[in-house]
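**Q** One-letter residues, chain by chain:
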Amino acid sequence: MGQEKYIHCTINGIPCEVVEGSTILEAAQQIYLKIPTLCKHPDLVATGACGICIVRVKGMASLPRACTTPVEEGMEIITHDEEIVNVRKTVLELILSTHPNSCLTCGRNQSCELQQLASDFAIRESAFAPFLPNLPVDRSTGSLIFEFDKCIKCGRCVYVCQEMQGVWALSFLNRGMNTRMAPAGDIELAEAPCVRCGQCSAHCPTGAIIELDETAEVWQLLHNPDYHVVVQIAPSVRVTVGEEFGFPPGTNLTGQIYAVLRRLGFDAIFDTNFAADVTIMEEASEFVERFVHDKGILPLITSCCPSWVDFMEKMYPDFIPHFSSTKSPQQILGVLAKTYYSAKKNIDPSRIKVISIMPCTAKKYELTRSHEMYASGYKDVDIALTTRELARMIRQSGIDFAKLPPEKADSILGEYSGAGTAFGYTGGVMEAALRTAQFFLTGSKMPRLEFAEIRGLKGVKEASLNFNGKEIRVAVAHGLGHVSDVLERVREAKARGEILYHFIEVMACPGGCIGGGGQPYGITNEVRKKRIEGLYQDDRSQKVRCSHENEEVQELYRSFLEKPLSEKAHQLLHTTYHARPIYRR
Amino acid sequence: MQRIYLNPAAVSHPEMKKFVDGLQVENDNLILALHAVENHFGYIPREVAAFLAERFRIPMARIYEVITFYHYFRTKPPGRHLITVCNGTTCWLFQSEKLLQMAHEFKTNLPEEKQREVSIEEVRCIGCCALAPLAYIDGQLHPYLNAEIFQQELEKVISCEDKA
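Protein sequence lines, in the order shown, are assigned to chains A and B.
According to our numbering, the first sequence holds residues 16 to 600 in order.
According to our numbering, the second sequence holds residues 5 to 168 in order.
I should point out that these hints are in silico values taken from the structure, not numbers from a laboratory.
Be aware that one or more of the hints could be misleading.
Estimated spans, in silico, between C-beta atoms of each pair [to be verified]:
hint, chain 1, residue 1, chain 2, residue 2, range
1, A, Lys-473, B, Asp-32, 47 to 57 Å
2, A, Arg-595, B, Asp-32, 25 to 35 Å
3, A, His-593, B, Glu-109, 29 to 39 Å
4, B, Glu-121, A, Arg-595, 33 to 43 Å
Given the structure is predicted, the values throughout are model-derived calculations rather than measurements.
Think of the CB as a built atom: it goes at the ideal place given N, C-alpha and C, for glycine as much as any other residue.
Using the sequences and the hints, build the whole thing.
**A** Here is the structure:
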């Protein structure tokens, strides 16, 4: 590794040593100074679009932007004085002149970066005549609401959609004053390649892109005494929802979430982690079928992420035979609630409503993805809420979430292993599958549990494992922008008649579900690492860490499904994939 | 199999595909290709944008970013008559805004079915500032315009055909 060179500068008179190449913004962060930013996000390359981060540098005639200006040896930087504050105020006033004054009814009320700055800089009146484009609101995706009038043209969403996710649903159309973020041509988002990952909404500084809020619909179901309303929480939600209530990222609140859901009025509290264990039973069996018995094509590719499924169906339909046909944990819990649980508890499935709490905006889309999502004879999962919506419901109820004593989930769809909880982070589905696949392949009662090679935030991770003399090559990709590289190489190898990998895991969002588009705002790699660490600890603290050892899962197979990949399992727990056009118009 | 950028609508336009396949441009020169398309069709049909995306192996969103950035490219077919008013700095100093307004009024005063045949566009400097203010009517350059001459020229071109 090359030696990093350090250079020196002063910021507001304070001497500062930074790595060469650091920007003024980064240097200021080192001495705990926050320069305001609207377009720059830690995940993204600086574009200098908004102009609010201007600073003064001795010897420079104009005020350079801190986000794009590298520190030079001996630089003397001032980050706040009367003129700087006034310029920043003018920048805000200009932005606000093209922004509606609808904070009270906005989805980002109190979580908006623009609102925060307007408050900090004491903007008390409209300095410029308002100019609003009055463009129509796009609700076409059913997951995300795109309200262009609230856009401040920072460009984060476009960068996220094109570079980070490689989806290219959003683009910059027109130029200058008329620039807008939209799909190619005069079409709606649902007609474009959008996979509803919601990363645009997680990075938007304002309310221009928000999730569709369905909390009112859930309250309505809870209010209706005819319904038996059950709820499931996704693996990652347990370590993220706390951020909405002042807990540090990664705080594990599983027991408190069960407790609050019970107090909100849900009739049974289930855990998506249980269904994740079932997913692993099916998926690991699929892998063994393909790997040992040659029944099906390798690599096997995971399919529990609905954005990834949508992406593959649009961009890589030739990979359909590689996809695991096992449904996602959300859908598996839904169908089991309306069949297995319904029969055991003698509740008519038409009376059961399943709500899921997900980290994800695409999970809303998954509910009606295909006719197989109605395998119980009813809509398997009725409503999917994001973590942010759950936090809103808790606040609406007035329950002091932070002080609730932890409770337990309900039988018979509530017990989970450490493998189930692993579904929330990148590499986790692979890890969970490998734990059980080892047992299936070698019969080992003490399989290797953790695979450091496929953990962490590197975009593409690979490992070559050895189970009883048999080599298994695996790859893990997260952030859809990293997928094409892996798939192109698999394609090339395939053309040569080789198998590059035996098993590939893909999650659409960077970091996996803990970085999902429906999670609490303020995502950075630091936050991702803490959330992942929270799940690692949850996994380690479980007595049972392999899906096949989960007793409720064993009971499910004993009394209902018989065995993995049985006819009944196929009917309820598996799905099919179909090529879809990238543009519908 | 390759990435498919096509939409179903594009598939039913083999003549557009043929045109794109026959384009003699380097694969990285999108602008030249777009000029060729615009010259041939008078605008950039969505289907052609899809075929271009496929040929150049770039996302269609990128093509629309380019088309909408440059005012020269159109995404809708122009009318039979095209009035192009230069609104560059020099022409603007010579009251080109008034000419533009006149052109729009001229169009609104036409019978409805006739209106659809007329397209008006505003362009930035076309590089003949010495002739300011100027406009094109159906490709014919009209220099040193004033309100009177412009009105006459518009009537000449557009009502001429009525008589015929």
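**Q** Verify the CB-CB distance for Glu-121 (chain B) and Arg-595 (chain A) against the hinted window 33 to 43 Å.
**A** Holds: the Cβ-Cβ distance is about 39 Å, inside 33 to 43 Å.
**Q** Falls inside 25 to 35 Å, the C-beta gap from Arg-595 (chain A) to Asp-32 (chain B)?
**A** Given a distance of about 29 Å, which is inside 25 to 35 Å, the answer is holds.
**Q** Within 29 to 39 Å: is that where the Cβ-Cβ distance between His-593 (chain A) and Glu-109 (chain B) falls?
**A** violated, 54 Å
**Q** Quick one: are Lys-473 (chain A) and Asp-32 (chain B) within 47 to 57 Å, going by C-beta?
**A** violated, 31 Å
Violated hints for the displayed structure, listed by number in ascending order: 1, 3.
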